[in-house]
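For the record, the sequence lines run as chains G and A.
If you read the first sequence in this note's numbering, its first letter stands for residue -5, the second for the next number, and so on.
If you read the second sequence in this note's numbering, its first letter stands for residue 20, the second for the next number, and so on.
For the record, the hints were derived by calculation from the structure and aren't laboratory data.
Honestly, I wouldn't trust all of these hints.
Covered stretches of chain G, going by a simulated chain A footprint (3 or more residues, C-beta under 8 Å) [stated by the list, open to error]:
#, segment
1, 52 to 60
2, 68 to 74
3, 101 to 115
4, 151 to 157
5, 235 to 244
Beta carbons are placed, not taken as given, at the ideal position from N, Cα and C, and that holds for glycine.
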Amino acid sequence: MEPQATGTAKSDALIEGEQSNLSLHQSLLRPVWQPPGIRFWALMGPATVLTGIYFYSAFLTVTRGIGEWGNHIPVAWAFGIVNFVWWIGIGHAGTLISAILLLFLQKWRTSINRIAEAMTIFAVMCAGTFPLLHLGRPWYFYWLLPYPDTMHVWPQFKSPLTWDVFAVSTYLIVSIIFWYVGMVPDLAALRDSSPKKYQRALYGALSLGWRGSTHNWRQYQSVYLLLAGLATPLVLSVHTIVSFDFAVSILPGWHETVFPPYFVAGALHSGFAMVLMLVIPVRWALRLEHVITGRHLSALAKLAIATSWLVGYGYAMEHFINRYGGDQYDVHEYAARVTGHYAWIWALMITCNVLVPQFFWSKKLRHNTWFLWFAALLINVGMWCERFVIVVLSLYQDFIPSHWRDYAPRLVDLGLFFGSMGLFTLLFLLFLRYLPPVPVSDMKELHHELKKEAA
Amino acid sequence: MVSPTKTCGCESELVPLRVGPLSRRRFLQILGAAGVAGLPGCYRPPPDPVAPYARMPEGVTPGNAQHYASALAFDGVTTGVVVTAYEGRPTKIEGNTLHPASLGATGAWEQAALIDLYDPARLTSVGLGRGGIGRAEFLEHMRALAKRHEPDGGAGLHLLLAPSSSPSVGATLERLRARFPKSTSHTYRPLDRSAGLRAARTATGKLLATRAHLDRADVVVALDSDFMSFGPERLRLSHEWADRRTVAKSMNRLYVAETQVSLMGAMADARLPAKPSELPRIASELLRAVAGALGASTPAELRALPAANPPLPEFARAFVQASARDLVAHRGRAVVLANESADETVQLAAFALNQLLAGAAVELLPPVELEPLAGPGALTDLVEAIGRGEVKTLLCTAFDPVYTGPADLGVRDALAKVPELIQLAHLADETTAVAGVRVPRSHPLESWGDVRAFDGTVSLVQPLIAPLYDSFTELELLSTLADDVGHTGYALLRGLWQPKLGAEFESRWRVALQDGLLAGSANAPVAPNVDWAAVAGALSRPLPPPPEGLELHLAEDRKIRTGEFTHNPWLQECPDALTQLAWDNALLLNPKTANSLGLELASMVELSVDGKKVVAPVMPMPGQAEGAVTVHLGYGHTIAANANERVVGFNAFQVRTRRAASGPVAATLRKLEGGYRFGLIQIEGSDQGRPISVEVEASELPEKLADLAHLRQEHPVIFPRYAYPGYRWAMAIDLSRCIGCQACVVACRAENNVPIVGRDEVMRGREMHWLRVDRYFAGDVSAPHVRFHPLMCQHCEDAPCEYVCPVNATVHSDEGLNEMVYNRCIGTRYCSNNCPYKVRRFNFHAYADQTPSTEQLAYNPEVTVRSRGVMEKCSYCVQRIERVRIDREIAGEMIRDGDIQTACQQVCPTEAIKFGSLSDAEGVVSTLHADVRRYDLLGELNTFPRTAYLARLTNRAKGL
């Protein structure tokens, strides 16, 4: 039976059309079993090329050194860290959607949580490569870990970079476990509907012997809830710690107490935007409009309004504290952002992050998928600009004017940045190809709940 | 430990050992082989006996440095040096405290001369035609040449010599002239520095050099004379001048009139930017004003001098009046310096002023050069002789006449016509291209010789290492013609000095080698009669009318001179003190002049002078005289052996016609399309009003004490501070003394194996200097205030870099050093971001691996060579601290004040940098840290820097 792809962006329902267990089952597993179409390969091609560029750029960086990048003294951190913070920020929405919204019993999370979680994992993976490549001697990255070393040398626990290692790796591990545990029932469903033997073996192994028994379900529910509880503080902690990379320093523009909440808000802002950017084409390409409806998109857009105000508050506080504090180095640093050579980046940041989301107040625009997608893109551009403003524009003119120097990226910087988008897209496409993008069992459960409510 | 070298083929611990595929057995085999085979291969003792300076280890103890006195000469006049060698490799040059031109210090040139020894592009064997010949063949060639010239008394034999003061070269030339009475010698130097001698001859009938004692001068007026950058006395004069800058009550005052901003212009209390054509008028107006003020006590002829025509502008007249008043008020303690000026009017006026005013602050000395009047004119004579077909054989030891010769003389074509052109050269250059015989020149560190200081003091040049290549010194090459058999430098030197030193020759020879000079060989000052009528007559002669429009000002480069150091990476990468430009030169214009011509930073222009043209990038330079175009010579070589990236800049010699070399000429600029990329070490020129390089007017010091105290680290802190029970290493930098000469910058590089990154990487902002001298401009672009600020790691007690390093790669010692653990560094660069002083440098690429293998021989074995991806910075020369500690601990003593000198401190000609332990309450550093002028850089950040700065005192002229 063909799924009823009747959903439009204007709908307020969580599940569109007349659905049954079978129709949901078939329509949601179809992307895995149906051979990939031209749309898949059209995206796969550029993603593969970009991934190749990414690895070649990484190869140049590792073999020839950071000198291949545009970094210098004083701008010793630039694209590498900007990209890291940007990607890790994007990764935030996944956990928020899957864990916090689960705890808050938000029903609309169900159909998009797996996409958001996959996005989180791939974004954190992309993010994680940057600090490693960014090292002068990346082959010694393991010195950041507290392993039993014969010379009894440990990492320096006063450094925020050490905290970062723990924060990011914890986040990645918890995200993967959460994602995987949530997928076990669906993997079992894939196993059971596998047309080929090797697929049955593969999905069988991955589904950990799931039998769908009441016992299984009881265990599963409690584990999933516990994991959601564990993951929730991570939403706040990871980007708080990332913000410490800056806030703990003494550099004007970094040394700010507003950073932890401001970073978390910014992370969610970019995360929601990225979910929008992914969900809109996915629901169209995989014909999932009946489960990812206008209500979902609208909810994401409303969240973006909220986070835009949080972010805007951060910008306002920066401005206020800068004026109120009046420290000459801070004042100059802020002026250099707002009026210096890179003022257009600052202006782009304000426009994209604060002004663009205000269009979402309009229900009409909120229900226009084209507009939503484009606005989400702008928010992500704006959030990247924000990280550029924080990282580069604080460094390029600090205390000692004789060392001031402008920054420009070089080809390898651009290769790694755009290449990482390719890598992300590639991983995401593989995910769409081999795993069910929408949780089947959860959707069925939701379907029953909604029916019960309606009754 | 031995640095990696090609010659010994041994892997040292400085190179990461590839232990992966090696078995333990194989590893030990290699280790053993390195121990046995490595060291003898590395050691190249000079074959003749030399005498160590301070300590004499029995034989060579690997790992222990040896120190030998020697001498380096620039334009033939010397600075006494002490050279450090490890296992026979010279690795560092320091000043000789006994030598009058050094006083223990060196300049950037002396520091960088070391790396020329190891230049991979050096000529390595005698070239003949298109091939090469061995030493014996060459000697035979010269003997046959001499035989050919003997019959006619050497009529076709011409010598083009570099300026020299060497007694042994003089004696050899005498023998040569005795053998070839009809031979002709020309002594050539690209720039004329003999105007002062000629002025003295006008006044007294004798060639006399002016020796100023700035320690005795209350007022110094310097006319077109950067005495801090150039000349054989630059180190001594800077030292004497700076000694009078630190105590408000006894401060001297410096007036400067010059075209481009120089070091002394930056230091001036009153500075007048003047076009080249204005300087002679300023000088004679000054003399007129002084003579008028002194009244009846001056010779009547001087009081009757005509007024300058055309008259000076108003601000110049005010400068002249103010400086004249000050000079007269300090009669007997006032000096007018014109050392480096090539203008005879300026020199004559200065000579006269000193006679009237200086008293004991100026002495007159006979010149020390063999040919004191050497200048660009020698080349004109030679080219004319070639044109007449008189020159059969030309022996050229002067520096690159084809490149440095007047643009309109056709030197290249003339020299190409000489049937036998024998050139002695360090590197292949433009002259080499036309020379039939190219003879490699020995570096001074591999040569025997003798040379005089500005006051006549003789220094013996002794080699530290046997010549690396089949090279000759000038002395040895001249001997191949002068003597039937070419003698070695050692034999020639002893042959000359044995009769002069008499019966106790051996012991006096040894002492002279050990001390680096022959005691008592200085010339006595002379007090000639001055012919005032002749002086007034010469000064009354009308000056040529000033050129219309822009005026050209060709200047020797502060770093690479007239091109002698063009291939020297240490100097090329060192920023120019004023332009902050590395690896390049620029056409300097006052910003107002540039504006009026529609030019800005990095615009391209075509500069034409007398029909000769060169394309140059523009740099607007505050303080430059309006309407004057300054270009630095020495860049833009067309041939520089095999290291092409070291050929940089544009060749200003291309517009240096004979007319331009002899007086002010007009220059025209035509704007071209396109731009240029400068390798600027420092881009922002304003200190933004921040208290970075602090200065105080001496008379206002009492009122400013509270402001200075505010800049000191005296804020309350919450946490208990570490007590530092032992030594507490600290530094003090006196900005009153710092003249921005960059000697410390090069010395730091030499001492600490700081790698060269090259021009491209400098443009990308990756230069590696551990120590920089920043330059800030303030005020009007025509009369800016220039401040220098030496900046290196401040060794903060609460260092922001330390707590952010995730791997403990930068840590604090219990003596207060902020230490870098290179082995542990993984290159997060967070420390650099969090360093408020931005003094940390990162190995973005494997810069050390790019050092040519020969230049690696110059590495200081006490300092680790850093790998790619590692942060580095000033260590307060920790290797020197540890060396002294070892010696003192063996002797069971404490380290005393003054035992340790950092490299920057040791080299500093003005003693602006002091180092020691704050635990010694009586020590120099403790005293300076308690000085009222002391302040902490960015002290409000609670970094507790161990380096203290002492605010610069200024002594502004009244009424200007």
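Quick check: the segment 101 to 115 of chain G, covered by chain A? Criterion 3+ residues, Cβ under 8 Å. Violated - the segment 101 to 115 of chain G has 0 residues with a Cβ nearer than 8 Å to chain A, which falls short of three.
Do three or more residues from the segment 52 to 60 of chain G put their C-beta atoms closer than 8 Å to C-beta atoms of chain A? Coverage by chain A holds for the segment 52 to 60 of chain G (3 residues, Cβ < 8 Å).
Examine the segment 235 to 244 of chain G: at least three residues should have C-beta closer than 8 Å to a C-beta of chain A. Per the Cβ count (4), the hint holds.
Mind taking a look at whether chain A covers the segment 151 to 157 of chain G? Criterion is 3 or more residues with CB to CB distance under 8 Å. It holds: at least three residues are needed, and the segment 151 to 157 of chain G offers 5 whose Cβ sits within less than 8 Å of chain A.
Given as covered by chain A, does the segment 68 to 74 of chain G meet the bar of three residues or more with CB within less than 8 Å? holds (count 4)
Checked against the numbered hints above, the structure breaks only hint 3 and satisfies the rest.
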